[in-house]
Amino acid sequence: MSSAISMGDSHSDDHHHLGFIRTYIFSTDHKMIAKQFLVTSLLFLAIGGILAAMIRWQLGFPGQPLPFNLGAILPNTMAPGGIILPEFYNSLVTMHATFMVFFALMPLMAGVFGNLLIPLQIGADDMAFPRLNMLSFWITPVAGAVMLASFFVEGGAAGAGWTSYAPLSASGEWTGVYMGQILWLVSLIILGFSSITGALNYVTTVIAMRAPGMTWFRIPLATWSLFITAWLLLLAIPILTGGLILLLFDQTIGTAFFRPEGSGEPLMWQHIFWFFGHPEVYILILPAMGFVSEVIANRSRKPVFGYHSMVVALVSIAFLGWIVWGHHMFQSGMNPFLGMSFMATTVVIAVPSAIKTFNWIGTLWKGDIHFDTPLLHAVSFVALFVVGGLSGIFLASAPVDIYLHDTYFIVAHLHYVLVGGSLFGIFAGITFWYPKIFGRMMNETLGKIHWTVSFITYNLAFFPMHNLGVQGMMRRIYDPNQYEFLQSLQSTNTFISKSVFVFAGIQIIFAINFLWSMKKGKKSGDNPWDSNGLEWACPSPPPHGNFAEVPIVYRGPYEYSHPDREQDFWPQDEAPVDDLDGPEYTDPNESTESNDE
Amino acid sequence: MQDSENGTSAHHMNVLGWKIDIYIGIWVILLLLTLGEVFYAFLPLPKMVLALGLVAMAVWKAALVGLYYMHLRYEPRNLWILAVSPLPLAFILVLAVITEFGWLVG
Amino acid sequence: MSDAGIATIDRTPEPGMGVFNKKLGMWVFLLSEVMFFTSLIGSYIILRYAHPDHFAPPGAILNVNLTAANTFLLICSSVSMVKAFAAIQQGDVKGLQYWLLATIVMGASFVGVQVYEYIELGHEGFLPGLDDYAAHAGGPLYGATFYAMTGFHGAHVSLGVLALIFVYIRALRGEYTVADHEGVEVIGLYWHFVDLVWIILFTIVYLI
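Protein chains in written order, with the numbering used here: chain D, 1 to 597; chain U, 1001 to 1106; chain L, 2001 to 2208.
By construction, these hints were calculated from the structure, which means they are not laboratory data. A quick note: this is a predicted structure, and the numbers were derived from the prediction, not measured. For each residue, glycine too, the CB sits at the ideal point set by N, CA and C. Where hints are given, some of them may not hold.
[As the list claims (entries may be wrong)] Here chain L is said to cover these stretches of chain U; the calculated rule only asks that three of the stretch's residues, wherever they fall, bring their Cβ under 8 Å from a Cβ of chain L:
hint, stretch
1, 1028–1034
2, 1045–1057
3, 1061–1067
4, 1083–1091
[Unchecked claim] In silico SDA-like links for lysine to any residue, alpha-carbon gap of 25 Å or less:
hint, chain 1, residue 1, chain 2, residue 2
5, U, Lys1047, U, Ala1063
6, L, Lys2022, D, Ile190
7, D, Lys35, D, Arg22
8, L, Lys2022, U, Arg1073
9, L, Lys2094, U, Tyr1023
10, D, Lys519, D, Asn443
11, L, Lys2022, D, Glu444
12, U, Lys1047, L, Asn2063
13, L, Lys2094, U, His1011
14, D, Lys520, D, Thr23
15, L, Lys2022, U, Ala1063
16, U, Lys1047, L, Leu2062
17, D, Lys498, D, Ala46
18, U, Lys1019, L, Cys2076
19, U, Lys1047, L, Gly2139
20, D, Lys35, D, Glu444
21, D, Lys366, D, His562
22, D, Lys519, D, Thr40
23, U, Lys1047, L, Ile2045
24, D, Lys35, D, Trp138
25, U, Lys1047, L, Ala2060
26, U, Lys1019, L, Phe2072
27, U, Lys1047, L, Ile2208
This is chain D alone, in the form it adopts within the complex:
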């Protein structure tokens, strides 16, 4: 085909001339940047997990010194004699969520998979702006360092919750935290630039750098979801940045945007925060949905059921996600009429998610299912996300939410969608695309052990929280036993804590698997999963520039088990044989006008 353009000089030659620093530290290669994001996010995931373990220690074994003499490491401002102080507990709940949401999940979703998958799946040689991409990564550890530093300043780390409501967060007067809150704000303001520049890159790359024949409706769902997520990041993060700056001004130069003593409006903070915050949660889940679609289709050897409706559902979720934010605020004293409208829109947004769920089930239905680790994670995503979605529907109803708001029911809901959903989705993604990144397979046995124990202990830990919430246990509370009506819940809390410790512990198996397989895993070859996507049409790991020749795309990404073919997969870039046209084959040389827009 005359449109196959050669990449010119071999890119692997350029590689030597770059040296260690340009190859591993200041790399502009999207795959290296993805790996860098992977290292930092997994580190922050571990930190977030440690903070969670400490929270659970206090709730499970209240007032007892931390085990294994860990209390000796912590200063007296945090845990004198190993017993966690209430003020430190507030910082723990705040920072656990902050690290998990901003430094673990977001970089994993967008930073790792956005960088890894987008250029490869659309057949590009790199991102649209590789140097900007590099900058986007390096901002993250800088912001992370600022956030970590906040633990060690006088007054300790921020303790106003990850939602940082004013007026609690606007002045150190109430929490005793001064510098810590300021550093929290500064860190997130800095981090915002990473998200915005990254999102800018992803959007531009997907729009402008698709290979010939890669029309919009031939793009794999992983890239679609990352593209939509990038739009959400692009438009939501600046709102947060603006709000954070105003709050920072309240803290530092004495303005009163949110401080009632100066006629400021605390409710305005909540509106600004959640206007960002709701699209944010879709940022945290949509990519996982994309990965799950890929894995389920591939492991069932079937096309995604309802590919077009999957795309429409993604776009609908993203679109509707902008007009539901008030459902986080039903108890805030907001205008009840406004609350009603948010209730209506929130109920509606369940519909596209349901469509996706039924489509996943439809994809699995009567498939030739291979029950390996990526599929286990993907299917458990669907199940656990449904649980999270169902608890969400309860909360969507304002009258119910008024009772359940800021109880452990919310904690259960958010962890079902963020851990049961996002984290398991990320595990699906990592186990599936690991061979592409490292050229080796992860160990299946370790993977299955990790999944089994994780799945069981996760549910043991978080399902009972629904009941805790209904019984009235508040969120972020240091000592529920101070209330007589909550004292009977202590045994449940202890049980939950033990389950969490096992859940956290088993992640070590994942870490071992991850590290061991890098060197000792079975070599994977280009396409170990017999998959159709363009990312599998290049070596594992791909060289600089990814593809030896610009790939040409002839069909959609989910032509599995096509009746006219012997093989149960049909790569997107496989040229059609003369007498057999693929179902969506169009000769890119013949059509001169743009295809579906």
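Use these hints to put chains U and L onto chain D, whose structure you have.
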């Protein structure tokens, strides 16, 4: 005033039989609108009328800059759809929060 | 389009925008900027609506005439910017350099006038902090919102001037031609955007 791509030889508009550089032409309109805004702002009219009129003039000016200086008028349709896409969100946020303070729904 | 140390393929854009990367990238970036200013301007509108007593009628404290002239100056700089772009579209390098310089001078002057205005307002007690506000009308929210909005806008203008200087230096070196001047177009988009935001800000902050 259709252009082939971005560059053309002559970007002109016809005003009373004179050929004027479009950029200068728009500039004159912007000047007039600015003067008009300042004049209008101090008229003894009800607050709402003032506010709406001023916002309308500002939006008009902004649109002119966007269409002619940023060349949106000549770009593919998808680009200007993209360009205006965040605006509805801005309206939604502000309008929704204003209702908190008694507007439209007590 | 060699952005990086690695060679990239020169490919024509796929169905999509029909525009090239840098220009699309700048447009996409500007959308995020719209949202950023939305949060600042939005908070102003909300606070103004909630506490009208904190704010003063146009001209009571702020210098409308000076700022109107300054607004016009910024609009002129937008014209010179687009003239610069039109010049290089024709291959007129001298014209490009001339008009870029004009834009820089006018942009820098805009910032200068704003700084002067800030100093004057400060002397009158018009300050952002709750405890510092001592102007003869309005309340601290007026100061806070004013400085937040115009300050960040001014910062964007300043960064734009720096970027323009960078582009100007490249123009002096003859690095822009008829065939390749995407950089000029891109900085032009940013500059017009900054002007556009000011058009809205001037109206909302000074005239309403």
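Hints versus structure:
no.: 1; hint: 1028–1034; result: holds (count 3)
no.: 2; hint: 1045–1057; result: holds (count 5)
no.: 3; hint: 1061–1067; result: holds (count 4)
no.: 4; hint: 1083–1091; result: holds (count 6)
no.: 5; hint: U:Lys1047 <-> U:Ala1063; result: 24 Å, holds
no.: 6; hint: L:Lys2022 <-> D:Ile190; result: 24 Å, holds
no.: 7; hint: D:Lys35 <-> D:Arg22; result: 14 Å, holds
no.: 8; hint: L:Lys2022 <-> U:Arg1073; result: 19 Å, holds
no.: 9; hint: L:Lys2094 <-> U:Tyr1023; result: 19 Å, holds
no.: 10; hint: D:Lys519 <-> D:Asn443; result: 11 Å, holds
no.: 11; hint: L:Lys2022 <-> D:Glu444; result: 44 Å, violated
no.: 12; hint: U:Lys1047 <-> L:Asn2063; result: 20 Å, holds
no.: 13; hint: L:Lys2094 <-> U:His1011; result: 19 Å, holds
no.: 14; hint: D:Lys520 <-> D:Thr23; result: 23 Å, holds
no.: 15; hint: L:Lys2022 <-> U:Ala1063; result: 23 Å, holds
no.: 16; hint: U:Lys1047 <-> L:Leu2062; result: 18 Å, holds
no.: 17; hint: D:Lys498 <-> D:Ala46; result: 18 Å, holds
no.: 18; hint: U:Lys1019 <-> L:Cys2076; result: 20 Å, holds
no.: 19; hint: U:Lys1047 <-> L:Gly2139; result: 20 Å, holds
no.: 20; hint: D:Lys35 <-> D:Glu444; result: 22 Å, holds
no.: 21; hint: D:Lys366 <-> D:His562; result: 14 Å, holds
no.: 22; hint: D:Lys519 <-> D:Thr40; result: 20 Å, holds
no.: 23; hint: U:Lys1047 <-> L:Ile2045; result: 14 Å, holds
no.: 24; hint: D:Lys35 <-> D:Trp138; result: 12 Å, holds
no.: 25; hint: U:Lys1047 <-> L:Ala2060; result: 16 Å, holds
no.: 26; hint: U:Lys1019 <-> L:Phe2072; result: 24 Å, holds
no.: 27; hint: U:Lys1047 <-> L:Ile2208; result: 8 Å, holds
In summary, the structure is inconsistent with hint 11 from the numbered list given earlier, while agreeing with all the others.
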